[in-house]
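Colleague: Every letter in the sequence shown is one number past the one before it in UniProt numbering, and letter 148, counting from 1, is 148.
Just so you know, these hints were derived from the structure itself, not from any lab.
Keep in mind the model is a prediction, meaning the values are calculated, not measured.
All C-beta atoms in this analysis are idealised placements derived from N, C-alpha and C, irrespective of residue type, glycine included.
Any given hint could be a false lead.
[Claimed, not checked] Straight-line Cα separation of at most 30 Å, DSSO-like style, residue types lysine-lysine; simulated pairs:
# : residue 1 : residue 2
1 : 130       : 146
2 : 137       : 2
3 : 130       : 91
[Claimed, not checked] Here are the simulated distance ranges between beta carbons:
# : residue 1 : residue 2 : range
4 : 7         : 158       : 22 to 28 Å
5 : 141       : 38        : 18 to 24 Å
6 : 142       : 76        : 20 to 26 Å
7 : 112       : 6         : 20 to 26 Å
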Amino acid sequence: MKISALNFADDGDIPNHPRWPMIVYQGVIGADVADAARAFELLFARHGWGDGWRNGIFAFPHYHSNAHEVLGIAAGEALVRFGGASGQEVKVTKGDAVLLPAGTGHQRLSASGDLLVIGAYPPGARCDLKRAGEADKAQIRARIGKVARPAQDPIAGNSGPAVTMWEG
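Work out the full structure, taking the sequences as your base and the hints as a guide.
Modeller: Rendered as structure tokens:
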């Protein structure tokens, strides 16, 4: 598994997280795993991440101001812009996962017809959905900064990057 971190600045419309990077995990689930969706669900649950869903990624820019989110790519592939208009395009494929700290913008630009994403949240999270252009920017940014670091990384538990990279 390869892990990388991407930091995004507030672009005035998409706040992103003021301190913590987005984490990309390449090759979490092997290409030979028949039921990658279930494998992601079990992995996330093992580390306390739940309230999950199966779907895709919205084609409009959005973010969550009150929760971190993990996305596991269970089938297919997608090109996703993270961080808003001035962010970065990342191709994700079956077996990859992306951990978005609260406030991190994401938008599907293109996808294969078989794209299946497994999403999950840390314990107790109540996820909202914010779009680019939200009016209460100061309140949103304050809320993002108050979202606590998760007790466990959704992929690697106590020793994962959400624990080791996300300080304070």
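Colleague: Against each hint, give a clear statement of whether it holds in the structure.
Modeller: Verification of the hints:
1. For the suggested pair residue 130 and residue 146, the alpha carbons sit about 16 Å apart, so the restraint of at most 30 Å is met.
2. Of the supplied pair hints, the one linking residue 137 and residue 2 is violated, its CA atoms being roughly 34 Å apart against a limit of 30 Å.
3. As the CA atoms of residue 130 and residue 91 are separated by approximately 23 Å, the hinted pair is consistent with the 30 Å bound.
4. Between residue 7 and residue 158 the beta carbons are some 23 Å apart, a value that agrees with the proposed interval 22 to 28 Å.
5. A C-beta distance of roughly 37 Å is found between residue 141 and residue 38, which places it outside the suggested range of 18 to 24 Å.
6. Checked against the given bound of 20 to 26 Å, the beta carbons of residue 142 and residue 76, roughly 37 Å apart, lie outside it.
7. A hinted range of 20 to 26 Å holds for the C-beta pair residue 112 and residue 6, which are about 22 Å apart.
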